[in-house]
Amino acid sequence: MSKQYLTLHTVDQAHPTEIFSLAPTSTSLISASGSSHLLIHSTTTSSSFPLSQTLSNAHRLGCHHLATSRSGPGNTFASVGFGGETKIWRRSPDTDKWSHYWTLPTPTSKTEKGDVWAVSLSQDEGYLACTTSDGRIHVWDLEGRAKVQTYETGASAGGGNNSGNGGGNGVGTGSFAMAVDLSRDGKFTASGHENGGVYVFNNDAGRMVFSLSGLAKPIRTLSFSPGCRRLAAAGNAGIIAIYDMQHGEHVANLVPTGSRPAWITSIDWNDTGEYLLSGSLDGKVRVWDVAKGVCVATHSETESAIWSVKWLPKSEKTLAPGMGKGEMFVAAGANRSLTFYREATGS
Amino acid sequence: MYFCPIRNRFLHPASQPTTSIAREQPPPPVRQLSSATVVRRREPRNIVTIPQNQSANEALKRIEALLETIVDAISVGGPIVIPYRRSTNAQTLNQDASVENSRDGRYMDSVRFPGRNPQELRRFEALFRIIEISHEALLSGTLITKRNIYYQNMELFKSQSVVDEMVDNLAFTLGLGRSDLNIVATAKGLIAGQMKLIMRGGTIINCTGSSDSGVLLPSINAVEKVNFQSVKWLLVIEKDATFRTLSASRYYDVSRAGKGILVTGKGYPDLATRKFLAAIHAARPRLPMWALVDFDPHGISILRTYQYGSQRLNHEENTKLPRLRWLGIRSADVILQTISTPDRSANNQQSQPSQDLSSQESIALSVNVSQDERPAKRPRTRRMRSHQSDCTAPLTEADREKAISLLQDICTTARPDNMAKEHKLELQKMLMLNVKAEIQAVDDFGDITNWLDERVLSQSRHQIPPD
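The listed protein sequences correspond, in order, to chains A and B.
Quick note on numbering: our numbering labels position 110 of the first sequence as 110, and the sequence is numbered without any gaps.
Quick note on numbering: our numbering labels position 379 of the second sequence as 379, and the sequence is numbered without any gaps.
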């Protein structure tokens, strides 16, 4: 049993250098690369996915993470540069143009790390979770422009880092938090760490509820299922671990065929919660049937690293002719191009 | 002379017609040096004369002018002023700062006698001593090491770093290079390979060497001629250990890419190593030069020091190697590793829970979907597993900070060239992967020669000269 996806369109050499992150809204796709510009491509107006806006000189050292809200209003996104700076961008609904809204303040004290790595935007676009190299997760209120929550994952965090595989971290500091995700219902924050740890925090109670082990190797990407009952995590182990969010149990692994799975850089859950998309350093893009636990489609258009894969959210707008009715996803990475896929209808 | 007489006969045959053809041939790159052209008639073309240090006379003139003003000042009885500027402050120093700090004698542009404070008195004495030593060395045509200067008066100089700093600042103030003052650092770099150095004194250094560990690099000022013999490449290696391994296995002889030269600066290269390489490059512009450094922020920083020079010694001339190409190792080598050689602990980790779970959970787990997939070939990569994990490591916080500061340096450059763009991308990928790897990551149980052969050959095939 397999599903078929076809290459719908490739925006060749969209960026002058490797594309590190993608983030979709219901009408557009934002992409970030090692260059200083952010690009916004329209995903509804034409099957050629035309460029609709360039945000010049957004991040001088290049940009490595972006965050949008999949099913939110689509008026906000966040971008993080290699210099550690985080910028919030807002869209004017009238002109449909994006502009800089706010830059997160960086702490001046030496003890508190201000560098942001991964980010996740809440569904209502009101909150942003940011991870740091010392394993903290800060949650910012974007309207109030204030930090509302800090989660610790270091030795000081209760019941936290006891899996015994902390890679030589000092007392009091956590392992580098490489991935973060906020659940769509706003209930949970999950973080994935360099030491293989996955932590889940309850946002209402403001404390850690699960410390999940199982992969033992650096976690590079995390994704809550749309119903918020499952959490998927992946990274250097090359497999995807699925955790249940009711009891914090490790319920399944998705394992690619072949004996040596490459590092997984990006995973994304589709809107129905049936399928997971994954991208890895060997250039493979895979679609997984989560219930059956099998890979239903493998794409290897490129042999160079894939850094980001994303489903495009279902749009309320009617799509331009030729774009089909099926689900679409996009992949990008070292080949600098944006490759759009659509489900082959009738299968 | 015994330099390759056979080869020489091939290049300059005795018969009349071939000689005329030989004359019509485009001049070899060697000829770019005027001095080399002069000697070329009598010597085979693989011997290149290193141009005499032109500024030696200039240095002597400037030092003597300086001494004259001092003598004049003494005869008049006025204060003695030696101009003295710091190379590090040259760019950032503004007028206010110099006035503000001049009281403590740290940021001024001269050293006076009588001094304004006891520190200045000591500085005057030390500086005067260095000028005197340099003058003597220039007159006698000898070279003196910084270490030697320090030992001449340890009481006065207090520490080696005082001498190092003063020498560089004196050179900077006089608008000269350190070696123009006939002052050199104790040799740090090593060389091994099919090359002979003919020193000004007449001695010959054979770089094939007496021992496995190569030969200490001499100061380029002391080298009169270089016999390149039949070398095809030059490899600059970051690490002493790798250099020794390759030197011991005589890689410079047995490489599939032909005979070559190995050089190491032992980490961040000193001025002597960089000047030596720059002179070699000027003598043989077409000799491919490669650099082998670790995939970590310091590796790239060391590479950049070879290519662009260092910030502190920016006033030194002929220290940059803009055509030094980056052989490795890069993110691609690391990514390849991540695909071909995960370590065993991960395999155990993933197989056990999946078996336990598949029996009790309703969710069927994917055991390999396509059973027909044959086990992938695993030739020597499999053996590398055992030590692969030792060679790649996650970046530390200090590494990440260093990488970001390097990125900042590159991005503040007005117009980064292709080399800088490559450094930028590799640093970004290093941060994305959060992994560093030592040179050993690509070797095969300590034997890096196969990897080197492949890399040098493939890079030589498509030679894309950097801008």
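It is worth saying that the hints were derived from the structure and are not from the lab.
Even glycine gets a Cβ: it sits at the ideal position worked out from N, Cα and C.
Among the hints, a few may not be true.
Heads up, incomplete: computed chain A residues facing chain B, CB under 7 Å, no partners named [what the hints assert, rightly or not]:
#, residue
1, Ala14
2, Pro16
3, Thr17
4, Arg60
5, Leu61
6, Gly62
7, Phe82
8, Ser133
9, Glu194
10, Leu281
Tested hints:
no.	hint	in the structure
1	Ala14	violated (16 Å)
2	Pro16	violated (9 Å)
3	Thr17	holds (6 Å)
4	Arg60	holds (5 Å)
5	Leu61	holds (5 Å)
6	Gly62	holds (5 Å)
7	Phe82	holds (6 Å)
8	Ser133	holds (6 Å)
9	Glu194	holds (6 Å)
10	Leu281	holds (5 Å)
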